[in-house]
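Residue-level listing of the chains:
Protein chains: 2
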Amino acid sequence: MSVASTDLATLAVDTIRSLSMDAVQTANSGHPGTPMALAPIAYQLFNHTMQYDPAQPHWPNRDRFVLSCGHASMLLYSTLHLAGVKATDKDGNVLDELSIKLEDIKNFRQIGSVCAGHPEYAEAAGIETTTGPLGAGVSNSVGMAISEKWLAENYNTDDHKLFDYNVFALCSDGDLMEGVACEAASVAGHLKLDNLCWLYDDNSITIEGDTSLSFSEDVGKRFEGLGWNVVHVADVNELSNLADAIEKFRSCTDKPTIIICKTIIGWGAPNKQNTHGAHGAPLGWDEVELAKKAYGFPPEEKFYIPDGVVEHFANNLGQRGAADYQQWNETWTAYKSANPEKAAELQAIFDGKLPEGWDKDIPEFEASEKGDATRNSSGKVLNAIAKNVPFMIGGSADLAPSNKSDLTFEGAGDFLPNQYGGRNLHFGIREHAMAGIVNGICLSGLRGYAATFFVFTDYMRGAMRLSSIMHQPILYILTHDSIGVGEDGPTHQPVEHLSACRAIPGLNVFRPGDSNEVAECYRAAMQITDHPAAMVLSRQNMATLCRTKYAPASGCAKGGYVLADCEGTPDVILMGSGSELGLCVTAAEKLTAAGKKVRVVSMPCMDLFAQQSQAYQDQVLPPEVTNRVAVEAGLRMSWDRWIGLQGKFVGMSGYGASGPYSKVYEHFGINEDAVIAAAGG
Amino acid sequence: MSVASTDLATLAVDTIRSLSMDAVQTANSGHPGTPMALAPIAYQLFNHTMQYDPAQPHWPNRDRFVLSCGHASMLLYSTLHLAGVKATDKDGNVLDELSIKLEDIKNFRQIGSVCAGHPEYAEAAGIETTTGPLGAGVSNSVGMAISEKWLAENYNTDDHKLFDYNVFALCSDGDLMEGVACEAASVAGHLKLDNLCWLYDDNSITIEGDTSLSFSEDVGKRFEGLGWNVVHVADVNELSNLADAIEKFRSCTDKPTIIICKTIIGWGAPNKQNTHGAHGAPLGWDEVELAKKAYGFPPEEKFYIPDGVVEHFANNLGQRGAADYQQWNETWTAYKSANPEKAAELQAIFDGKLPEGWDKDIPEFEASEKGDATRNSSGKVLNAIAKNVPFMIGGSADLAPSNKSDLTFEGAGDFLPNQYGGRNLHFGIREHAMAGIVNGICLSGLRGYAATFFVFTDYMRGAMRLSSIMHQPILYILTHDSIGVGEDGPTHQPVEHLSACRAIPGLNVFRPGDSNEVAECYRAAMQITDHPAAMVLSRQNMATLCRTKYAPASGCAKGGYVLADCEGTPDVILMGSGSELGLCVTAAEKLTAAGKKVRVVSMPCMDLFAQQSQAYQDQVLPPEVTNRVAVEAGLRMSWDRWIGLQGKFVGMSGYGASGPYSKVYEHFGINEDAVIAAAGG
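First to last, the sequence lines map onto chains D and V.
With the first letter of the first sequence counted as 1, position 163 gets the number 230 in my numbering; the numbers rise by one all the way through.
With the first letter of the second sequence counted as 1, position 170 gets the number 237 in my numbering; the numbers rise by one all the way through.
No lab work stands behind these hints: they were computed from the structure.
One should not assume that every hint holds.
No copy labels: a pair is met if it fits in one copy or bridges any two.
As the list claims (entries may be wrong) - Heads up, simulated DSSO-like pairs for lysine-lysine below, C-alpha to C-alpha not over 27 Å straight-line:
#1 Lys-657 to Lys-369
#2 Lys-625 to Lys-715
#3 Lys-168 to Lys-730
#4 Lys-730 to Lys-173
#5 Lys-730 to Lys-369
#6 Lys-157 to Lys-427
#7 Lys-329 to Lys-360
#8 Lys-329 to Lys-288
#9 Lys-157 to Lys-403
#10 Lys-369 to Lys-157
#11 Lys-715 to Lys-157
#12 Lys-360 to Lys-730
#13 Lys-288 to Lys-315
#14 Lys-420 to Lys-437
Keep in mind that this is a model prediction, so the values were computed, not measured.
In isolation and in its complexed conformation, chain D is listed as follows:
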């Protein structure tokens, strides 16, 4: 085998390989084989393909690169380092230092290094999304491609083309085996996203061994069925073949493209290449040295960067990117003069800010015994906000009429194939891809939302977790809460999901107790721009409380607040959320009439309440009052923190049942009598 570097391109490719091997070996942990296999692709994309200025890593019109096979993180780190991508500060300002320093690479997989085991968004400029859980990255890439289409359609003018970027995603067998990838691919094919290119690392190796153990499908044919342009590359080491394939992507104008690349895992490591031994463990220094020899590199030198490689990137990517960026900046300057209003919207998108007056139309709801389903109030509040946040887009996994998640005001429109200006997305019955796509939309600066039945958060928790890890302010609109779902029965009645979602760190779970709490929970959620929010909403009506009699719903901003109180120290605190808040209120009335001193605490968002000062928490839930009753048509788990060992809980302890919702409530004994009894009344 003679693979010694003979030109700058090969030298650069082999440097990516060599840095990746050394980092994994030094950490004694990681995945060396895939960076070695995919180095030519990363090289070709960054140095010769992408519209990307390493000096402006947040340039809005940059091509996006998503490493969906996040375990190959060293591929990204090595490439970003050699490409000279600049670091940015927390506000996004470019700093005069590298985003990935050689020191970071040397500290790969150590605490404090930006080079984490898997790429972590915002750890370093150039990492466009957090990847690792397979299938996540490719689903994000569809959201990024949707965003480009939407931005181009809404903001480009005949005179000024601000958006024309492409999205490239590198993916593995594992990505493509995951269902979420198929869902996302189906959406992309349906929408004819010709700005999206997946490069599939077809290496025939998985952790358990050869893909023939479990993966024998004809991926190309599957993707043709999904409406994709399918291109093959027989050997990624032939850079001209890669370039040709990318050209086929560029020239296809009605479909997304998948480039199926035959690769050899651990390429260049004489004893381990093409085996699963090169996948998830260091090669061993001996094998690393042999590989370096094969590349013609000094075998014992670690983190070696041959002369000319950095310059080679600077002369290609660097110069091309700088020119592209400069030209775009001129367009942007001209655009700002010509279209000040649109430009202001764009600036808000670029800055991650809400526009002036975004909340001015949030309604106040009049007190009403009949009330309304909170999913209905949610529809009204969502529309009132979205009307004034022109870059808020989203949709449902085929449940918009039930989720009340459609934007219905004039001009909202649908986002459809070749009709990319609309704000109502149709995700089909693909919850996981929906959440992954909306992650991609939020990463592109837009305020995205995703709607489905609450029970189906089980299908998309992976993506919800990533929303939170990446601090993206995605709004999850989750209707058909708990046994209030009624006739659809246990499979459709979320009982454990409140606790399960509250368990996701950083996800703010709101369960508003009437229409005005819906309004105030939305107001709070929209302003928290660094955390996702889950809005849990009812199918059934609940009374709209009289806010002159009870405390104002603005207390929702603190997560929990005293809704109704007594004189002096309460005998009992009733606390509840959502559809059970009303039960607390009416039970409290009866208890009070019977001479009890009762406080009612509304707890629409435990996560926010837990963030308040201890003083505030103690004010709402005085430690000396241990007679506490929580009421929620879900499981008890997340309430134990607030009710304590002596606390009582009126709610569910197992799965629901099929029947009209009021009968289901009775069946499970969630009613006023139970609350009164638990309170000792």
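Please arrange chain V on chain D, whose structure you already have, making use of the hints.
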């Protein structure tokens, strides 16, 4: 439109439609359109295709019918009723009454009716699995088909063919849009499951409207890519076309088959058919009457069953099924004489029992400071058990070498295409399908297990929930718990998953604290045959405790037990699980040395502990001792119940970090000092 019934077959089909309409209309809730569309398919399958004896609904060699589009539940209920499927008691004995009575249908979607909103397994004989969450049923069907192959390969002899059943699944656009269905289809195509037939209801309608909104792929081509035999039926009302298509399934011997059936939702309802108005809401009595007129039925009569329809089923399905069953029973009798040992295994499968001596080789582990990773002990215990439970089969989502989930004893073997006798399944990187498939395997009487990294339970919660709803004893082997994962970082470190999984009602989450607890947790889990179990296991080593010094690990059977105690009332109770149990033990030693009275409680399974008598719980956690410290490298939520408002918690409060695991533990302050400080030491 003239669709009046002209023969018994059409009459039967229209009766299914009519019963379904009436039930939905009477409930004023449900999905009428799909039963109306798919009635010919259900009719053709049951009455003319399936090997199924309505008098023996648990016959092991029956063809399986899975209604993956569970919202069309009335299709199943109507058909089971007309087909005369008999009820069974809790032990599976056939009763002399119908499984679905007309009264049940009249009480569709009411509490107490076996006709729930979606089909609920075990509510009534003939319901083979719980469906409703889309994609679940088709994934189950793959598990059922795998089971048939496995049973046939292991138990059929040249003389006696006991197993040759087929599995039919009816699925919708929604099923096929869900990623889990694609994963499952890929597995089925890979394994060449020619005993599996999906019938796809291609009606071009979803809840939001026409499928053109979100679903335009070429399903046939996609399935060809997935390795399936693709057959088309232009109009399901032409029963002969359906029969021909089913014949094409029967004659295909190297692939699963999908029959793509063009249908018209709400068929026969003149104003609503072919619109999404026929999907998820009653048609209205007026429209119901018009549809009945179109069928030539008395328009005002409800729950009308024309003369001859029940007899028509009896004369076809009934007679055919009885003959088939009788013949099989003769074979089974002969088999028992010829192969008593194998027959005993089969009897255990049919009865859902563990074989004699199943636990005789469970090892005891010697005390060791170095200890072992619980994933390693798990591999040993799993093998020790599976060796003696010949019908325990399972596998991993491409992580077997990491999960230690391979059966390595002689004769275990791999389950591969055309090699169906092996016990090690290879699911590929498809967690959700894996869990759905293993549900199907357990529903077929085998003891199935599914392995992956704990963090990826997020990908398969939907199916885990269904394991529990269906009371199936699936064993989830979940390694790489918490921040002990180390270098792979936050995306791979489950921190909220313990609470999130403990929240699933009926799922027993075990987190053993040393090798002997692994053994005892397995022993407990295996014996609970009506609940799934999640075995949460570490990547890193933990000490094997000396069980003469500490209490025996058999306490695991109670979920929580006193591991180490003091004289008199403890000053503090330290409790922990898994990798943090050792921290409690060493911290307790130091605290004791400093004069504190310390009790250590091991809590490997909160779910089981919560099921113990209050007396036992109080004995382990005396109410008067409120100084309690819980230690777990996860979130606090599920511990609040045990530590109370005054309790302390040493664990995680957010996502992890990438680094060597011991450094990550230090970074987050989960160590002996923290435990001692929390204990007030």
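Quick rundown of the hints versus the structure:
1. Within a single copy, Lys-657 and Lys-369 get their C-alpha atoms no closer than 76 Å, and across copies no closer than 45 Å, so neither meets the 27 Å cut-off.
2. When the C-alpha separation of Lys-625 and Lys-715 is checked against a cutoff of 27 Å, the pair qualifies both within a copy, at 24 Å, and between copies, at 24 Å.
3. For a Cα distance limit of 27 Å, the shortest separation of Lys-168 from Lys-730 across copies, 22 Å, qualifies, whereas the shortest one inside one copy, 63 Å, does not.
4. In this assembly of identical chains, the alpha carbons of Lys-730 and Lys-173 lie at most 27 Å apart only when taken from different copies (17 Å versus 63 Å within one copy).
5. Taking the shortest alpha-carbon separations for Lys-730 and Lys-369, only the inter-copy value of 24 Å comes in at or below 27 Å, while the best intra-copy value is 71 Å.
6. Taking the shortest alpha-carbon separations for Lys-157 and Lys-427, neither the intra-copy value of 30 Å nor the inter-copy value of 60 Å comes in at or below 27 Å.
7. In this assembly of identical chains, the alpha carbons of Lys-329 and Lys-360 lie at most 27 Å apart only when taken from the same copy (24 Å versus 61 Å across copies).
8. For a Cα distance limit of 27 Å, the shortest separation of Lys-329 from Lys-288 qualifies both inside one copy, at 16 Å, and across copies, at 23 Å.
9. Taking the closest pair of Cα atoms, Lys-157 and Lys-403 come within 27 Å of each other only inside a single copy of the chain (25 Å); across copies the shortest separation is 74 Å, beyond that limit.
10. Taking identical chains as interchangeable, the C-alpha atoms of Lys-369 and Lys-157 are never at most 27 Å apart, the minima being 32 Å within one chain and 68 Å between chains.
11. With identical chains, the CA atoms of Lys-715 and Lys-157 are never at most 27 Å apart, being 45 Å at best within one copy and 34 Å at best between copies.
12. For a Cα distance limit of 27 Å, the shortest separation of Lys-360 from Lys-730 qualifies neither inside one copy, at 75 Å, nor across copies, at 34 Å.
13. In this homomeric assembly, Lys-288 and Lys-315 come within 27 Å of each other (Cα to Cα) both inside a single copy, at 17 Å, and across copies, at 22 Å.
14. In this assembly of identical chains, Lys-420 and Lys-437 lie within 27 Å of each other by CA distance neither inside one copy nor across copies; the values are 37 Å within and 53 Å between.
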